[in-house]
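Asker: Protein chains in written order, with this note's numbering: chain D, 1394 to 1646; chain F, 1394 to 1646; chain U, 215 to 745; chain W, 215 to 745.
Treat each hint with caution, since some may be false.
Stated by the list, open to error - Label pairs and their in silico Cβ distance ranges: (1) D:Glu1590 - F:Asp1465: 48 to 58 angstroms; (2) D:Glu1432 - W:Val420: 24 to 34 angstroms; (3) D:Lys1519 - F:Asp1465: 31 to 41 angstroms; (4) D:Ser1543 - W:Cys444: 30 to 40 angstroms; (5) D:Glu1590 - W:Leu362: 53 to 63 angstroms; (6) W:Cys444 - D:Ala1468: 56 to 66 angstroms; (7) W:Val420 - F:Asp1603: 22 to 32 angstroms; (8) U:Ala226 - W:Arg665: 22 to 32 angstroms; (9) D:Ala1636 - U:Glu272: 33 to 43 angstroms; (10) F:Arg1494 - W:Gly699: 25 to 35 angstroms; (11) W:Gly721 - F:Val1510: 37 to 47 angstroms; (12) U:Gly356 - D:Arg1581: 46 to 56 angstroms.
To be clear, the hints were calculated from the coordinates, so they are not data collected in a lab.
Values in this document were obtained by computation on a predicted structure and should not be read as measured data.
Backbone N, C-alpha and C fix where the C-beta goes; we use that ideal spot for every residue, glycine too.
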Amino acid sequence: MTAVRPYGDHYDDGLIELSFTLPVPSRRSARKAATMLAEAMGLEAPEVAHCEELTEGFTFFVLYGRCPHSVDFTAIDDAEWEPVPLSEPEIEEFAAEHLTRKVVVVGASVGTDTHTVGIDAILNLKGFDGSHGLEAYGAFETHNLGGQVSNEALVRTVLELEADALLVSQTVTQQELHVGTLRDLVERIEASGRRGEMLLICGGPRITNDLARELGFDVGFSKGTYPHHVASYIVRETAARAASETETTSAAL
Amino acid sequence: MTAVRPYGDHYDDGLIELSFTLPVPSRRSARKAATMLAEAMGLEAPEVAHCEELTEGFTFFVLYGRCPHSVDFTAIDDAEWEPVPLSEPEIEEFAAEHLTRKVVVVGASVGTDTHTVGIDAILNLKGFDGSHGLEAYGAFETHNLGGQVSNEALVRTVLELEADALLVSQTVTQQELHVGTLRDLVERIEASGRRGEMLLICGGPRITNDLARELGFDVGFSKGTYPHHVASYIVRETAARAASETETTSAAL
Amino acid sequence: MASTGSKLDLDAGLVDGCRQAAAAVAEGVAERIAGCTTVSVERMVVRMLGVDGVDRFETPLPNVVVDHVHHQGKLDRGIAFWLGGAMARTGLSAQQLAEGVAAGELDLCNPDGADPEQGIKAASEATAEALAAIHRDRAQRGGWISQLDDAAADRPQRYVLTATGNVYEDVRHAEAVADHGGDTIAVIRSTAQSLLDYVPFGPTEVGHGGTFATQQNFRIMRDALDAWSCENGRYMRLSSFCSGLCMPEIAAIGAIEGLDNMVNDALYGILYRDIHMRRTLIDQSVSRRINGYAGIVINTGEDSYLRTADPVESAPSVVASQLINYNLARSYGVPDEQIAIGNAFEIDMSVENGLLLEWAQAQLTRELFPECPVKFMPPTKHMNGNPFRTHACDTLFNLVTVATNQDMQTIGVPTEGVFTPHIHDRVLGLESVEYAAVTARDLGDEIEFKRGGIIQSRADEVLRGAAELLEEIVADGLFAALERGRFGNIERREDQGRGIEGIVECGEDYFNPVIAQMEVGAPGVESGMYV
Amino acid sequence: MASTGSKLDLDAGLVDGCRQAAAAVAEGVAERIAGCTTVSVERMVVRMLGVDGVDRFETPLPNVVVDHVHHQGKLDRGIAFWLGGAMARTGLSAQQLAEGVAAGELDLCNPDGADPEQGIKAASEATAEALAAIHRDRAQRGGWISQLDDAAADRPQRYVLTATGNVYEDVRHAEAVADHGGDTIAVIRSTAQSLLDYVPFGPTEVGHGGTFATQQNFRIMRDALDAWSCENGRYMRLSSFCSGLCMPEIAAIGAIEGLDNMVNDALYGILYRDIHMRRTLIDQSVSRRINGYAGIVINTGEDSYLRTADPVESAPSVVASQLINYNLARSYGVPDEQIAIGNAFEIDMSVENGLLLEWAQAQLTRELFPECPVKFMPPTKHMNGNPFRTHACDTLFNLVTVATNQDMQTIGVPTEGVFTPHIHDRVLGLESVEYAAVTARDLGDEIEFKRGGIIQSRADEVLRGAAELLEEIVADGLFAALERGRFGNIERREDQGRGIEGIVECGEDYFNPVIAQMEVGAPGVESGMYV
Ligand code: B12
Ligand code: B12
Ligand SMILES: Cc1ncc(COP(=O)(O)O)c(C=O)c1O
Ligand SMILES: Cc1ncc(COP(=O)(O)O)c(C=O)c1O
């Protein structure tokens, strides 16, 4: 597992498929260009299996090759990647034990994004695929503002409600729309001087944890997220922060 | 055209799709591994769109990313890649003008390969997709030995018939079967001392010109080949060789 | 259109009942919106009078002009009244006047020594000229089209979205689509557009999730498609979306720029864009009037319900809505041949016999609207990141499309569950459409459904559900149904929603020459001219 | 099996005529091969008597033993005669004797003071024991199977190839297949195997285009599948190929190793492997006898014809061949429930209404063989390097499979036109099979074909073509038909082909206890036990 390579039909054969369009005319030289591109990625024995003109000057390729690169799977920290989520009752129990009051959660699909099915899945009573949303938990006080909510309106509400966790959803990502919207939101929260008082969480089918952190969020959730994943994170993190605060405070005394 | 990159929906966006299986368990860390592999190929912003367990310890991925590599399309020699083939009548005319006798052509699908549809398409009267095979040409004397022909038997026939061109087909390529078979064939021909007297041509859906040359053939043909492509090559090359021989001979005088 | 006889053995009495109920619902709506106009309706009039362009703050001049009057509380007479008056008074064109207003040099509502009759005459004449120009252009286009091939003449029309966010890239994609047998290009709009109470100006190079519907973008794509059509001898249609806060204006721009088709749903803005109910219903009435007049085919949007509600359970609401949408369109002068009824293939592949249910519903739509084109949309809701799964589902969708003799189909793309498609995704989608269209060409005529089998029973069940829902709506009104979340599981309040501030009560002497003249009908405009 | 009533409105007289003609053809074949054995038949006997392993040149001991007698020109009495004699004489086991022969220490044909009766008795007893062991093992397996789930009980059985060339990799692929709803694993053989006049020995790690069928490979895969079945409570079937120069031996190994299914076509070796006609026809008769005895389902291979001939034109030859193949199998004791009739979906997507023709043919196969399992194979001939195209075609194939109530289907994979599939290709293929099986579950029962429509007419036309061809074959014989290229467009000469040197005329006192005892039938073996 220290040198994991793609597998087609033999261990370590490195077989992988690529498909892409090149803005070149559909001639034999186009195949060569596709092959060279694969070689530039380090692939060995690249082979064009399919090649087709889309319109003048654009050619589509399906290509197979062998990838000699490998990944050290043992080096990927499973603990960080794989926090085992608590179940619904465990979360309630944990909250009862570690938290002194309900966590105030405010959620929305922001900017011009009208996709609300994702945030509804996390927040609404009905939840997702048989799992209740945060509304169903005793541990949370939940406010779902819906879709197309402007950052301005959201920040206003968050400050009014003294939210402990802000949950935003973004689905439309074309031309990096979400990046601008999310960055703007973080700036507004920071400008309010209250960033430290809340968890900033974002989610959506094409949001990754890496991206979320890069943008200044505490965490990001993607496809396959269930409400209890998010709830686990919130109660654990809130408890941890409270604990470290108490520590800091007592240390300061 | 000096720096051609993949095109998804904007010039130079570099968007490409990869799919492969990694021999790792289907956990979140597997996604990370897939992303890292894409990064090792130099891709930017790799994103796992789909990930699914095949069986314990094997995970399939579909991943998109941006390829920053580019290809200099102007540097790919179109002339070499794009020899304009002659049509059937042009070939006959060319042969009448430049060749002194019929070119003796021997073809077969060699080794254990029973796939004959490809070689039949090139050689038989009926041909392929409306184009006649070499049998239909006045310029050639054609012998199609069929499938599953051993290299030994083939070489024997070739020497007997004093063939000018040897056409072999290979379809089954798994575990590089064709490479061994073709290499063995070239060795036998060379051992016969008659390599110089004939054109060595191979073809098949996964044969590339590059591979053919590497193995010691004069040329290789792949999918999308029509009989007149091959016929053009044979008459042109035969004429060119004859011409340069005459030259060499006269120079020697 | 519909070449198939009935295969579903529908209860004719039930069908009639549904039709009558839907007509009653449409009448109820007409009452609720009577006597009102909106800023967008008025801006449409300004555009028809020839105003275009933006001021130095990039505000479109139609907005400048209408806001100018609205802020003075005088829109109740209709913008044409004021603009016509000023035209008559000054001899300036509407465009010159608009520029004057933008420069702050002119007050349209200060009719220093003006004669209202003269103004009304001026505006009416200008309108008549504008409509005549539209009519002339379209007739000319119609003539040209009739000389070209129409691949969709004997198979479902292939409707393909482009959504790059850059109109010039959209053109590239459109060319690939045309080269691979697409019939219609619909440029998806940038995500914010429905919420904008103005129509953006100029060509778009950075949109998100799509490219703005602007007059310039329409023209760029129209020119590109016309060029392709000339070169290839086959006509490529152009489509866009009327939906949002600017339905009437966009309809007008579409008429002017020679569009063939526009998505125009009566309820989409309310349900999916949180637009105020009355605002949208007024706007749709006018925009459909324009679409109808200009021979543009409209498409209803029931497909969306199947994406936010459970597609098996919500089937009756789709049928009820189709009938309501249809009747609303008819009330504003859209003929049957121009009303394409929407439906979608959204049942998850894991539902046992889901294909049979889809087949039943597609056939039901086909049979309920025998004179209308029916438009079928591909699976999207349950499409995930696995492009092979999506492609397989699309292939089954394509088969049902052919087998139920749909007139139009949006094509599915393998990456539907991931992003707005890359150039080859559309080509792959079109290829699968072609396989089904050829290999299963006459499947619809070839098969019959078992009497009382799953398909016939499902159609009956859905129709009964629709009848019940329609009865409820006849009783309580469409607004109540929307409040109860009857469509797409989305609940909207009658007193909330965007754009309410743009509704204006018409005065007794409200004047709108565009609607007035369109109601009369154009000289010799044949309906369904571009169908 | 077949739950559907007739949908094709076939001409019953024509059907009967075809059946009778095919039976006559099979009788004609029986005459042509009567009184002969082959080296492979004899090696099968040696294996049944317990001989396995290889000599120091890696030659399998069954070959060593048979060649030893054959070189002395004494195979006409049957190898069992000589081996039994030596057993009786020496008290050694067949295995010990074989090793002795290999070591050059023993001459089986030198029956120094032997009693022929004793030899025959010894061989007969050993055979009876061997057959009893097979019977016991299979009965035990049958009992175990009956406690497990069978996913294929109410949907087409999913038959999946593995072809890595390495048996241990094949096991990995098989596990992925099992985890994704596959029912049967068939390990494709390395390309050379059909041409080898011996069965390779030991586990294979480097095969080409597949993995050799060896006893060890069978066992490795059987164990892996049994382990999976135990763990998951669902039975996984195992299949392989009898075809080639060793049909009888491989059938024997399959019986011993508990296979459930074997591809066993009467003509494939002749047509596609250039094997001598009589050699293959003798071998198939014996191998089918063994398959039938052991309760193994056999699959005929008409799918191949559609790959080398035009699939639209060659349809009648497929039906004719199915009937001949069926009758040949019946003549050697294979019951209906164990004869899976092959057919494939090979019409190119560009043929107008091709799907309707496929549907007709699949339904025709279904209706002509009401008591047999029918096996449908996916498109391969026209599959190219575009995996999306292949996946779309496979999806349509999967749909027709469900709609015509096929009992078994091979699954298609997106990379069919490129290489033997990668591990995920099989899973993607299985997923598409599952979509169709679920979403279109009852489609077959739900639809009826228009009377005299394209589908019914096609079925009739194909059946008529088959009847004509069968008449010709009754008149001129199967050998002549093969010379004329009637199947798969491939012409073979009666006097040519591989393996002719392995045919042996039986003497009058030819002795083969395996065939003799199998003809009687096993104690209480129920046919179709593992179907
Ligand atoms: C339903 C839908 C719609 C509905 C939305 C209705 C509604 N009220 O939500 C309607 C029909 C209105 C619609 C319209 C449009 N849509 Co849309 N739509 C979809 C569709 C079919 C399904 C999305 C969905 O509901 N998924 C189900 C939910 C449960 O999944 P999810 O959102 O990923 O949520 C999960 C996780 O991501 C996570 N999560 C999500 N948010 C959050 C937030 C937090 C805090 C956390 C912790 C977790 C979390 O948890 C959830 C549960 O696991 C997708 C296609 C597809 N199959 O994905 C296209 C899709 C999303 N739409 C798309 C587009 C472009 C549009 C339009 C912009 C097109 C146009 N211009 O006309 C419009 C306008 C919308 C706008 N401005 O936002 C594109 C987006 C492309 C991109 N990546 O940029 C898609 C992918 C289709 C496509 N291939 O083109 N759409
Ligand atoms: C038909 C077919 C068969 C038939 C062959 C009958 C026959 N007499 O040819 C039968 C059913 C017998 C068969 C059997 C097997 N097949 Co096969 N078969 C195919 C199939 C469906 C089509 C191949 C074909 O005819 N193509 C059409 C011709 C016209 O195309 P072509 O060969 O590429 O030829 C063109 C060019 O390549 C070029 N060309 C080809 N040869 C030459 C030679 C010269 C000199 C030149 C100039 C040009 C040239 O010109 C031609 C015209 O453009 C393919 C799947 C597919 N769709 O590709 C699988 C396929 C080729 N088979 C395959 C396999 C594995 C087998 C088996 C080994 C499986 C098994 N173990 O049971 C067996 C045994 C065969 C063997 N030992 O060789 C694999 C090969 C995988 C690989 N790359 O290694 C394929 C790809 C299927 C798959 N995905 O698994 N097969
Ligand atoms: C009826 C209707 N109008 C318009 C749109 C386009 O959405 P937008 O409001 O973003 O332009 C859609 C997309 O689903 C639709 O269904
Ligand atoms: C009937 C039959 N037997 C066997 C095979 C396998 O081929 P091989 O001869 O290479 O084992 C096939 C493959 O197409 C077949 O159709």
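Asker: For each hint, tell me whether it holds in the structure or not.
Answerer: Okay, the hints, checked on the actual structure:
1. D:Glu1590 - F:Asp1465: 48 to 58 angstroms: 55 angstroms, holds
2. D:Glu1432 - W:Val420: 24 to 34 angstroms: 27 angstroms, holds
3. D:Lys1519 - F:Asp1465: 31 to 41 angstroms: 56 angstroms, violated
4. D:Ser1543 - W:Cys444: 30 to 40 angstroms: 59 angstroms, violated
5. D:Glu1590 - W:Leu362: 53 to 63 angstroms: 59 angstroms, holds
6. W:Cys444 - D:Ala1468: 56 to 66 angstroms: 36 angstroms, violated
7. W:Val420 - F:Asp1603: 22 to 32 angstroms: With Cβ atoms ~25 angstroms apart, the hint holds.
8. U:Ala226 - W:Arg665: 22 to 32 angstroms: 25 angstroms, holds
9. D:Ala1636 - U:Glu272: 33 to 43 angstroms: 52 angstroms, violated
10. F:Arg1494 - W:Gly699: 25 to 35 angstroms: Holds, since F:Arg1494 and W:Gly699 (Cβ atoms, about 33 angstroms apart) stay within the stated range.
11. W:Gly721 - F:Val1510: 37 to 47 angstroms: This hint holds: roughly 44 angstroms between Cβ atoms.
12. U:Gly356 - D:Arg1581: 46 to 56 angstroms: 53 angstroms, holds
Going down the numbered hints, you'll see the structure goes against 3, 4, 6, 9, while the others check out.
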